[in-house]
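Protein chains: 2
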Amino acid sequence: MINKLIKKIEETHAPIVVGLDPMLSYIPSHITDAAYKEFGETLEGAAEAIWQYNKAIVDATYDLIPAVKPQIAMYEQFGVPGVVAFKKTVDYCHEKGLVVIGDIKRGDIGSTSGAYATGHLGKVKVGSKELKGFDEDFATINPYMGLDAVKPFIDVCKEENKGLFILVKTSNPSSGDFQDRIIDGRPLYEWVGEKVNEWGKTHMGDSYSYVGAVVGATYPEQGKVLRKIMKNSFILVPGYGAQGGQGKDLVHFFNEDGLGAIVNSSRGIIAAYKQEKYAKYGEANFNEASRAAVCDMIADINGALEAAK
Amino acid sequence: MINKLIKKIEETHAPIVVGLDPMLSYIPSHITDAAYKEFGETLEGAAEAIWQYNKAIVDATYDLIPAVKPQIAMYEQFGVPGVVAFKKTVDYCHEKGLVVIGDIKRGDIGSTSGAYATGHLGKVKVGSKELKGFDEDFATINPYMGLDAVKPFIDVCKEENKGLFILVKTSNPSSGDFQDRIIDGRPLYEWVGEKVNEWGKTHMGDSYSYVGAVVGATYPEQGKVLRKIMKNSFILVPGYGAQGGQGKDLVHFFNEDGLGAIVNSSRGIIAAYKQEKYAKYGEANFNEASRAAVCDMIADINGALEAAK
Chain G
18 MINKLIKKIE
28 ETHAPIVVGL
38 DPMLSYIPSH
48 ITDAAYKEFG
58 ETLEGAAEAI
68 WQYNKAIVDA
78 TYDLIPAVKP
88 QIAMYEQFGV
98 PGVVAFKKTV
108 DYCHEKGLVV
118 IGDIKRGDIG
128 STSGAYATGH
138 LGKVKVGSKE
148 LKGFDEDFAT
158 INPYMGLDAV
168 KPFIDVCKEE
178 NKGLFILVKT
188 SNPSSGDFQD
198 RIIDGRPLYE
208 WVGEKVNEWG
218 KTHMGDSYSY
228 VGAVVGATYP
238 EQGKVLRKIM
248 KNSFILVPGY
258 GAQGGQGKDL
268 VHFFNEDGLG
278 AIVNSSRGII
288 AAYKQEKYAK
298 YGEANFNEAS
308 RAAVCDMIAD
318 INGALEAAK
Chain A
18 MINKLIKKIE
28 ETHAPIVVGL
38 DPMLSYIPSH
48 ITDAAYKEFG
58 ETLEGAAEAI
68 WQYNKAIVDA
78 TYDLIPAVKP
88 QIAMYEQFGV
98 PGVVAFKKTV
108 DYCHEKGLVV
118 IGDIKRGDIG
128 STSGAYATGH
138 LGKVKVGSKE
148 LKGFDEDFAT
158 INPYMGLDAV
168 KPFIDVCKEE
178 NKGLFILVKT
188 SNPSSGDFQD
198 RIIDGRPLYE
208 WVGEKVNEWG
218 KTHMGDSYSY
228 VGAVVGATYP
238 EQGKVLRKIM
248 KNSFILVPGY
258 GAQGGQGKDL
268 VHFFNEDGLG
278 AIVNSSRGII
288 AAYKQEKYAK
298 YGEANFNEAS
308 RAAVCDMIAD
318 INGALEAAK
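These protein sequence lines map, in sequence, to chains G and A. For what it's worth, my numbering labels the leading residue of the first sequence as 18, then goes sequentially. For what it's worth, my numbering labels the leading residue of the second sequence as 18, then goes sequentially.
If you are wondering where the hints come from, they were derived from the structure by calculation, not from laboratory data. It cannot be assumed that every hint is accurate.
Identical copies look the same in the list; a pair holds intra-copy or inter-copy alike.
Stated by the list, open to error - List time: in silico DSS-like cross-link candidates among lysine-lysine, alpha-carbon distance up to 30 angstroms: (1) K105 <-> K142; (2) K54 <-> K142; (3) K149 <-> K294; (4) K142 <-> K291.
It should be emphasised that the depicted structure is a prediction, and the values quoted were computed from it without experimental measurement.
This is chain G alone, in the form it adopts within the complex:
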């Protein structure tokens, strides 16, 4: 799957991923009105609205991008119907040929992490059958519980040729509360990066590992250091756009081969029509605004990479 991700990045010339993190407040009223008319102001109505919104954005952008990253929290907020919409979104993106990164940030001990890995990336045995639960291609995971939490995911990834992005240095302001604390002269996130590099060697694709890392666009200096520590790992970079990261901040997340990073934007793409820059599209053409924002993001990042050569 890391090989497929790289192939798709090369084909699209777009080292980006669109974060499908729908909030009801982003969704144009013609979509929510239609959904509530059919299902009422219910969790099912909300789930229908986010599914229709996602579908329109995917239809308008899938030919430009290698991957999407649905954030499962935005679906879980609507309970079971929300989770149904998550699964519909995953399946639809697969139909469109996209790589799906499940932003699930799971992590637990041994058999419990195994259950998450099975449900999101693998197959569960039911009687004589082996069945897929959510079936994403990659998942983000939380390393706080150590190797026990990570290994069951790596084991499932080896069976399924799927991959991981492990949280190393997250994009949020308080990520430093624990991640920046100094241990033997180096911040915790560097130690986690060292482990990601070590774990990554156990499951290599053709040129990069199936085990990647999450490092926030908002911390470019740290990204530069972590790029060197995790030589073989792809870095998933959240925090572009709405959180403040720009193309020029991101060049050091990439390797000299122009690969090694994939930059996520969520709100900046899916709610582009709310920005002054794309206001001309209007609410009715929100999906066209998203397409324009994807084009601009690709140009910004590729321009920065060219300029840095």
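Knowing the structure of chain G, use the given hints to seat chain A on it.
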């Protein structure tokens, strides 16, 4: 809800929680056979089996215990139908008057953590309505991303009078990979404990905080230290029984008032009939074996607390 949890612990004289972490391999064949007959060897069939299994165990034990802790990973492994079974289990336990601790170990940045908090503990606004998603009473959360990850949960807990257990020192063997690393002379888990204590002061119940901690039974010495650091916090203690913890290891997780900790057992209770000790019940009476195991666990812990007085 922390007041309700304490009241129920006092009424039952049982500082324990039953972990509803069903694996298909635990479930007696008369239950799986019936479920597969109705739904086939499908995810729906597996979900029906875990729901019927849970229901039988809850029916056999609810009068003895204050709380249950369903581990959502064990449900997510069966995709959407598994999540439906999780929700049915939460609702049924509420009907039976039990406090429900959602073992979800979520954690993300700002608005995303807010979405998890809303979905699991709060209400989401859909049009003019405010609706509950999963509606647990407590949730476990992962602190790796810092205060940004935790604060949205605390905010929702304040609105809803609900609570949290934050991962501090987990019960698994490799929990030390990062949690034990030394920062300014103290292990990371102590620094997380200090933060839990600080965060806990912002949302107090009558005698304890709504913000608790997770500390594994397998680390009694660390539990002793953390008990002192987090004076006002309840400690949720996993790792009893199958993972190796015993009553006598646990006395220092409690305060002198006999409160302050709630000890979880999952496999040791729900799959008790597989142990030699409870084999006489047979597979057919698995729920009676669970009841006997609950009684023994309560006696073990209360005995240890008495002996330590």
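Against the structure, the hints come out as follows:
no. : hint          : result
1   : K105 <-> K142 : both (22 angstroms within a copy, 22 angstroms between copies)
2   : K54 <-> K142  : between (40 angstroms within a copy, 16 angstroms between copies)
3   : K149 <-> K294 : neither (42 angstroms within a copy, 36 angstroms between copies)
4   : K142 <-> K291 : between (45 angstroms within a copy, 21 angstroms between copies)
Going down the numbered hints, you'll see the structure goes against just number 3.
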